[in-house]
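Novice: What follows is the residue order along each chain.
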Amino acid sequence: MTAPDAGELRRLTRELLAAHPPATTGRTDFLKARFDAGLAWVHYPVGLGGLDAPRSLQPVVDAELAAANAPDNDPRRIGIGLGMAAPTILGFGTDEQKQRFLKPLWAGEEVWCQLFSEPGAGSDLAALGTRAVRDGESWVVDGQKVWTSSAHVARWAILIARTDPDVPKHRGISYFICDMTDPGVEVRPLRQITGEAEFNEVFLTGVRIPDSRRLGPVGEGWKVAQTTLMNERVSIGGARIPREGGMIGPVARTWRERPGLRTPDLHQRLLTLWVEAEVARLTGERLRQQLVAGQPGPEGSGMKLAFARLNQEISGLEVELLGDEGLLYSDWTMRRPELVDFTGRDAGYRYLRSKGNSIEGGTSEVLLNIVAERVLGLPAEPRNDKDVAWKDLSR
Amino acid sequence: MTAQTAVGQAPDLLYSEAEEDLRAAVRSLLADRADAPSVIARTESDTPYDPRLWTALATGIGAAGLLVPEELGGQGATHREAAVVLEELGRSVAPAPYLTSSVVATETLLALGAQDGPVAGLLAQLAEGRKVAVLAVPFSAASAGTPAATGSLDATLGPIADAAAADVLLVPTADGLHAVATDAPGVRVEPLVPLDLTRPLATVALTGATGTRLADAGASARAVDRGLLAGAGLLASEQLGLAEWCLTETVRHTRERHQFNRPVGSFQSLKHRMAQLWLEVVSARAAARNAADALATGSPDTPLAVAVAQAYCSKVAVHAAEECVQLHGGIGMTWEHPAHLYLKRAKADATAYGTAGRHRETVAALMELPAP
Ligand SMILES: Cc1cc2nc3c(=O)[nH]c(=O)nc-3n(C[C@H](O)[C@H](O)[C@H](O)COP(=O)(O)OP(=O)(O)OC[C@H]3O[C@@H](n4cnc5c(N)ncnc54)[C@H](O)[C@@H]3O)c2cc1C
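One line per chain: the protein sequences are Z and V, in this order. Take 1 as the starting number for the first sequence in UniProt numbering and just add one per residue. Take 1 as the starting number for the second sequence in UniProt numbering and just add one per residue.
FYI, nobody ran anything at the bench for these hints, they're computed from the structure. Just so you know, not all the hints are guaranteed correct.
With a cut-off of at most 25 Å between alpha-carbon atoms, the simulated SDA-like pairs for lysine to any residue come out as follows [said to hold, decoys possible]: (1) V:Lys-347 - Z:Glu-257; (2) V:Lys-347 - V:Val-325; (3) Z:Lys-386 - V:Ser-266; (4) V:Lys-131 - V:Thr-182; (5) V:Lys-315 - Z:Lys-386; (6) V:Lys-315 - Z:Arg-188; (7) V:Lys-315 - Z:Phe-307; (8) Z:Lys-386 - V:Ala-141; (9) V:Lys-315 - Z:Gly-246; (10) V:Lys-315 - V:Ala-141; (11) V:Lys-315 - V:Leu-270; (12) Z:Lys-223 - Z:Lys-386; (13) V:Lys-131 - V:Arg-262; (14) V:Lys-347 - V:Pro-37; (15) V:Lys-347 - Z:Gly-297.
Not the full set, but computed from the structure, chain Z residues with beta-carbon under 7 Å of chain V [to be verified]: (16) Thr-205; (17) Arg-262; (18) Gly-302.
Here are the simulated distance ranges between beta carbons [what the hints assert, rightly or not]: (19) V:Lys-347 - Z:Ala-380: 45 to 55 Å; (20) V:Pro-185 - Z:Gly-297: 50 to 60 Å; (21) Z:Asp-72 - V:Phe-260: 18 to 28 Å; (22) Z:Ser-212 - V:Asp-21: 23 to 33 Å; (23) V:Lys-347 - Z:Gly-294: 52 to 62 Å; (24) V:Asp-116 - Z:Glu-257: 46 to 56 Å.
Backbone N, C-alpha and C fix where the C-beta goes; we use that ideal spot for every residue, glycine too.
Using the sequences and the hints, build the whole thing.
Specialist: Structural data, given as structure tokens:
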């Protein structure tokens with residue numbers, strides 16, 4: 001079978017819409033039907049949500065579906081599964097793993113979380129110390145993870161753990177799929193700057209993971225994790241946002257509607273940020289066009305950096321613009337939300353939550369290192385941890 | 001346009017194959033004829049422009065006539081192609097009256113919509129690179145409501161960019177737009193000492209000069225606006241090319257230069273600055289391409305696209321040139337190294353066709369984000 005072209009994809013999408021009218025079909029049912037039709041991610045294999053079509057044709061399907069107001073899989077809820085677990089499972093999973101996990105993940109029936117960061121290993125993720133010890137057909141896992149978003153609602157987790165402490169840190173790691181309902185998995189809310197607990201501490205005590213849920217070869221978990229991390233950083237930038245579609249929107253609206261709040265200083269700052277937000281939008285649009293034209297550029301690594309800084313500056317300006325109102329906060333009650341709600345809540349919340357944008361998924365400092373070394377080709381800093389066994393590193 | 005207007009047809013922000021071919025041709029010409037030592041030497045001579053370079057660019061490559069329709073003697077291309085030429089000119093800070101004559105003056109004349117007569121005749125000469133024309137308004141003037149520079153053909157105007165290289169001045173007065181030959185009686189072009197050595201400035205003194213009246217006052221004002229809008233929009237591409245050169249050279253230099261027994265480019269404080277600059281250049285490219293595409297397609301979004309590009313790209317070019325000087329250390333302060341040419345061009349460009357602040361005011365007006 002030859003790969004479908006744009007016209008064929010458009011036809012298949014219309015067929016899907018006709019058989020499952022968005023107005024009368026539930027979200028989950030629609031998403032499952034879309035998966036079965038191979039229109040979930042068109043570049044995936046047939047039977048796994050795709051049609052072996054060029055990745056660049058996905059926008060054709062997305063545009064048709066958006067125009068028909070079809071339900072989408074809210075990326076805020078299933079971001080980790082969709083953006084990170086799925087491409088990793090596709091790249092490294094066994095047939096059985098692919099069959100088992102991809103469809104419920106796609107439809108948002110099963111939420112995923114990412115058990116990577118540890119108290120002693122954040123930016124230096126490969127230094128992690130959570131142990132996995134082989135015991136017959138299983139691995140026994142002990143350790144502690146931290147900052148785990150959505151662990152309290154997750155059914156599954158992608159997990160990296162140390163399987164060999166006697167080799168340098170990058171080489172002794174393996175990658176697993178962890179069942180969050182298994183005995184020994186304990187999730188404790190970790191209250192954050194906004195008052196709520198989006199993320200958690202996760203304690204793993206004698207958790208038994210069958211070897212059939214290992215992703216990739218033993219000791220090559222770091223390589224597998226690279227796929228996850230790369231996808232984490234580029235999962236932004238694919239969507240098309242309208243002008244004023246981001247955080248600048250609420251500020252601009254407030255400015256228009258409430259002349260009494262305007263001051264000359266705020267005006268200058270607003271205009272500067274408005275221009276920068278518009279340029280960031282255009283840069284994202286250019287990236288999208290490059291992907292469609294099949295010439296992906298390195299711009300993707302920059303988008304997360306740009307949005308983190310802009311979100312922080314814009315929300316900071318918004319708090320000041322609101323004057324006395326900016327002195328208030330909607331609600332400090334400790335809650336455990338299912339989603340990050342960037343637009344529904346007030347300016348103070350946005351200001352505080354956006355501080356995480358330059359930390360989560362790799363800090364801005366680490367991303368600048370990546371741009372400098374991999375895009376600009378600047379030399380790496382000297383390092384002293386490459387040829388030392390993990391167990392001999394100073395901690 | 002209002003804030004609520006949806007963005008229509010998405011702009012094409014990439015480069016076509018034909019545009020890349022044009023880039024390659026211009027780049028190899030400039031590498032031949034406008035390398036750094038010859039640009040520096042040229043700035044110290046009495047003739048700021050190299051006539052052979054101009055002939056090769058304007059006539060050989062046909063760059064001068066890109067914006068002019070074929071039936072008027074041009075190439076019938078668009079602002080997208082002209083923008084690519086400007087990227088390359090920015091990258092080499094080559095002295096050539098391209099922006100002023102082939103873009104601003106040409107666009108002003110095109111806006112008059114003439115199919116024959118003196119306007120069409122002059123356009124054909126500009127398109128063939130046989131004549132150079134400049135708009136006689138101060139180089140800092142921005143589009144949108146720029147008043148006529150003078151009430152009559154008795155005035156002193158300036159600073160005018162590239163007037164020293166011009167055969168014809170386009171002078172907007174209270175009663176219309178006039179084409180005045182620079183060698184006509186009553187016209188004196190007096191060179192000034194410019195901050196940007198690669199783009200000469202001059203004062204134009206008119207005393208009872210005469211010329212050909214090309215348009216009445218209303219048409220003149222609209223045409224001048226249009227010329228300046230195109231100038232500002234495509235200046236962003238020159239700024240982009242300039243910033244790219246600065247970043248590339250700085251990366252190259254810091255990779256090679258060793259201090260403390262390692263390349264200085266391996267120090268994180270420098271790497272982060274260059275990575276940040278890279279992000280700004282990538283963003284400037286999107287903004288500049290958007291402005292060029294809007295001008296090329298006649299999009300109703302053009303005034304906003306141009307204002308956004310200018311408000312953003314001016315800062316990026318200056319930042320890139322300043323970092324270039326700083327991260328080159330002492331060598332960046334020397335006359336022999338070309339970094340200063342880029343800094344001077346970038347800083348002057350930040351005033352040309354309206355400052356970033358001036359363009360932000362335009363954004364405020366178009367997007368209904370009024371001042372207090
Ligand atoms: C809201 C939020 C949600 C998160 N969700 C998850 C999740 O679901 N799963 C998960 O596994 N993790 C998650 N994280 C963790 C996140 O990936 C880490 O916090 C992040 O990678 C930084 O690690 P760290 O916190 O240990 O900081 P550290 O690595 O200790 O960094 C401290 C400071 O040092 C700087 N720094 C470190 N190394 C360098 C260097 N080489 N050069 C320059 N500066 C450096 C950092 O930039 C930072 O400013 C989340 C974090 C946040 C804030």
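Novice: Honestly, which of those hints from before does the structure not fit?
Specialist: Result: hints 1, 5, 6, 8, 13, 15, 16, 19, 21, 22, 23 break, sorted rising.
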